[in-house]
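A.B. asks: Could you put together the complete structure from these sequences and hints?
Chain residues, written in single-letter form:
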Amino acid sequence: MDLGTDKGGVGSASSGAVLTGLSDPVSESSDGSVDRDGSVDDFEANVSKEEFHGAEGSIASGLTRAIEAILIVSSEPVTSKDVAAVLDLPEVAIIAEIGRIQRFYAGHDRGFRLDRIAGGYQIRTTEDTADVLERFLSERLAPRLSAAALEALAVVAYKQPVSRAMVTAIRGVNSDGVMKLLLSRGYLQVAGRDRGPGQAMMYVTSPLFLERLGLDSLADLEPLSDFVPSAEVLEAIEASLKDEE
Amino acid sequence: MDLGTDKGGVGSASSGAVLTGLSDPVSESSDGSVDRDGSVDDFEANVSKEEFHGAEGSIASGLTRAIEAILIVSSEPVTSKDVAAVLDLPEVAIIAEIGRIQRFYAGHDRGFRLDRIAGGYQIRTTEDTADVLERFLSERLAPRLSAAALEALAVVAYKQPVSRAMVTAIRGVNSDGVMKLLLSRGYLQVAGRDRGPGQAMMYVTSPLFLERLGLDSLADLEPLSDFVPSAEVLEAIEASLKDEE
Amino acid sequence: MAVTVDEAGFKGPIALLLDLITQQQIDLWSVSISNLIRDYLQKVQEIAQLDLEDASEFFMVASTLIGMKSHRLLPPGESDDEEEDELASERELLLLRLFEFKVFKDASDAIASRVHHSAMRVARRGTYPIELMNSLPDPLGDVEPSRLADLMKDLLSAQPRSIVDDSYLFTRRVDVELLRRRTIDELERVHSLDFTELVDWSSSRLEVCVAFLLMLEGFRLGILDLRQPELLGNLQVVWLGWISEQTKAELEALLQALS
Chain A
1 MDLGTDKGGV
11 GSASSGAVLT
21 GLSDPVSESS
31 DGSVDRDGSV
41 DDFEANVSKE
51 EFHGAEGSIA
61 SGLTRAIEAI
71 LIVSSEPVTS
81 KDVAAVLDLP
91 EVAIIAEIGR
101 IQRFYAGHDR
111 GFRLDRIAGG
121 YQIRTTEDTA
131 DVLERFLSER
141 LAPRLSAAAL
151 EALAVVAYKQ
161 PVSRAMVTAI
171 RGVNSDGVMK
181 LLLSRGYLQV
191 AGRDRGPGQA
201 MMYVTSPLFL
211 ERLGLDSLAD
221 LEPLSDFVPS
231 AEVLEAIEAS
241 LKDEE
Chain B
1 MDLGTDKGGV
11 GSASSGAVLT
21 GLSDPVSESS
31 DGSVDRDGSV
41 DDFEANVSKE
51 EFHGAEGSIA
61 SGLTRAIEAI
71 LIVSSEPVTS
81 KDVAAVLDLP
91 EVAIIAEIGR
101 IQRFYAGHDR
111 GFRLDRIAGG
121 YQIRTTEDTA
131 DVLERFLSER
141 LAPRLSAAAL
151 EALAVVAYKQ
161 PVSRAMVTAI
171 RGVNSDGVMK
181 LLLSRGYLQV
191 AGRDRGPGQA
201 MMYVTSPLFL
211 ERLGLDSLAD
221 LEPLSDFVPS
231 AEVLEAIEAS
241 LKDEE
Chain C
1 MAVTVDEAGF
11 KGPIALLLDL
21 ITQQQIDLWS
31 VSISNLIRDY
41 LQKVQEIAQL
51 DLEDASEFFM
61 VASTLIGMKS
71 HRLLPPGESD
81 DEEEDELASE
91 RELLLLRLFE
101 FKVFKDASDA
111 IASRVHHSAM
121 RVARRGTYPI
131 ELMNSLPDPL
141 GDVEPSRLAD
151 LMKDLLSAQP
161 RSIVDDSYLF
171 TRRVDVELLR
181 RRTIDELERV
191 HSLDFTELVD
201 WSSSRLEVCV
211 AFLLMLEGFR
221 LGILDLRQPE
231 LLGNLQVVWL
241 GWISEQTKAE
251 LEALLQALS
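Chains as they are written, first to last, in this note's numbering: chain A, 1 to 245; chain B, 1 to 245; chain C, 1 to 259.
I should point out that these hints are in silico values taken from the structure, not numbers from a laboratory. It should be emphasised that the depicted structure is a prediction, and the values quoted were computed from it without experimental measurement. Wrong hints could be hidden among the right ones.
[Said to hold, decoys possible] Straight-line C-alpha distance at most 20 Å; calculated EDC-like pairs for lysine to aspartate or glutamate:
(1) K81/B <-> D131/A
(2) K180/B <-> E139/B
(3) K159/A <-> D176/A
(4) K81/A <-> D131/B
(5) K153/C <-> D220/B
(6) K159/A <-> D109/C
(7) K81/B <-> E134/A
(8) K180/A <-> D176/B
(9) K180/B <-> E139/A
(10) K81/B <-> E91/B
C.D. replies: Below is the structure:
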């Protein structure tokens, strides 16, 4: 399978020829579905064509097949940059193609989706199949995390890098145990030592944390300001500690 | 997701409904793909979806999604019997549905197929993607094992049989990823489950590991004689054993 | 007023206070602080651990509450300004901590929901086609076996890391069968002795560990009795001198598992 590994780049004549050759059988298809030849210019046109045809009935191109094959053999999220390097195509072309693949599976409502997770792409099953999978894998899918562990996780997620002492200070209770647990479960990782006095070990969330939360990046977490208590709650707390009624 | 697997009275009713729907030839749409639903409840929803998409009928049913999800999370071939048991449906219904799924991916010429292998079914990449995958793998799996992978390998070599949690506890960092890598490279193999309370999966080194290291047997591993582990370590024994799930 | 203490993930006083205020809609002035403390201590006793920091944190919060409460009981004008300022700042501090905790508590609920929904969607567990794997250069090609031994030593001696592999220690460094015979011979001869005497002849800490495990196993099987009159004192080993066939079989199986 040659996807134009020619160093001259996608736009060059030779590479264009190769790509056309690749998708040749597809372009003959009678159903009018779109074939694509990987050149950047044509990608734009293809997007609109595909959108016109909808997700149905499209025959996959060589590029689609290549990207899908990579995603199928991988267990971890794969970045568009990695795929672009392997296929020797511009990343923008890969991203556009991945978008089409995403729409194909979503449009046909298959049992899986192509998600953007932790900066890469990963095939994940749809949520409605969860109980079937629990039976098939005979394991609970939802991880067991205590309220304490989740509190500590929230503190690290929003204040990272953070020391154990800081987590303890906010929670008002010793957090060494839960921090150890989160570390061993892979939610957290050590980010070196604080340069200040005491040189406390500092913790940050791990890439696995993003995977476990289904997030593309930390920026996708709701801002902490979303959790500022409502006026009523604030009043309730304040009133309960007030001297006078 | 209700596929009529409920063991109760209602379950038998919905299971009957599933079967009726499945064997109904009228619902088979012209392009050979089938819009079929696994449950009474979902059926209504799917009917309207089908109407919306007209004759295309290419929206996957609940049963399709369930089977696909199972195949997506399995790296080994899955038998139709296993799927039938999990979904509490007759095997013949599963086989028919799998046939439809196979035709769907082949018909759309995607980058993978649903192949019948070793008496089961497995999602496998198409042959024409082999050279792309080879490039992807050689870039992803650096020719040398990472320090992390070697460390994990050392732990398994000296402590086998050993669970992932144990490797994680000893290395002090989550080791699921490197364990997966070592397994996929064939240096490790599964040695069954721990008989202890957690029933953790236990891993040992493979014959390939010995071969590649030029060892006749594990007894030829360099002994750690005279080496006394650090004293702080002891307390964590129980902790890590408790962590195993 | 019952105090709930989350035994698995122990709740601190801040969480407790917040619970009291928000969920149970309680006016803190109606909370009996002595009851609160009594219930708290009882719970702590039940979970058999009292973390000093946690306890002091709890009493800090409780004393702030007491201070505020008692202050309210005084007629206005009786306390001096300094005392009042101090009390006000303590109250401010407690309020801030409650607010801050509430924010992270709600954030943790959102994270819990995300974790749950994400877990319902399982990632593809891919495998690399074995033909392709075989065509790649072998990454173990230039690894010497001694490298593994060095890594293992580093791991076992590293500070923040854990675990001594007992099974490995037994198989490689201690002749368990010999140890068992010596132990039993000695016990049969003298019937009762201190553990320290028993392991007098042990050449290494490992043998001591193995001997100790043998003692525990013997105790479990009813071959011998263990007594420790003083906390952290000498462990007395008493030979009971009787082994049933079943016990013997179990012991043999254990030994085989160890070696």
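A.B. asks: Quick one, are K153/C and D220/B close enough, alpha carbons at most 20 Å?
C.D. replies: holds, 17 Å
A.B. asks: Quick one, are K159/A and D176/A close enough, alpha carbons at most 20 Å?
C.D. replies: Distance ~17 Å between K159/A and D176/A Cα, so the pair holds.
A.B. asks: Is the straight-line distance between the alpha-carbon of K180/A and that of D176/B 20 Å or less?
C.D. replies: holds, 17 Å
A.B. asks: Hey, K180/B versus E139/B, does the alpha-carbon distance stay inside 20 Å?
C.D. replies: Within the cut-off at roughly 17 Å; holds.
A.B. asks: Are K81/B and E134/A close enough, with their CA atoms no more than 20 Å apart?
C.D. replies: holds, 17 Å
A.B. asks: Holds or violated: K81/B with E91/B, Cα cutoff 20 Å?
C.D. replies: The given pair, whose Cα atoms are some 6 Å apart, holds under the 20 Å limit.
A.B. asks: Run the distance test for K159/A versus D109/C: straight-line Cα separation, threshold 20 Å.
C.D. replies: At roughly 16 Å apart (the allowed maximum being 20 Å), D109/C and K159/A satisfy the hint.
A.B. asks: Given the proposed pairing of K81/A with D131/B, does the C-alpha separation stay at or below 20 Å?
C.D. replies: holds, 18 Å
A.B. asks: K180/B and E139/A were given as a pair; does the straight-line alpha-carbon distance stay at or below 20 Å?
C.D. replies: Holds - the C-alpha atoms of E139/A and K180/B are around 19 Å apart, at most 20 Å.
A.B. asks: Please verify whether K81/B and D131/A have alpha carbons no more than 20 Å apart.
C.D. replies: Judged against 20 Å, a Cα distance of about 18 Å means the pair holds.
Every hint, counting from the list given before, is met by this structure.
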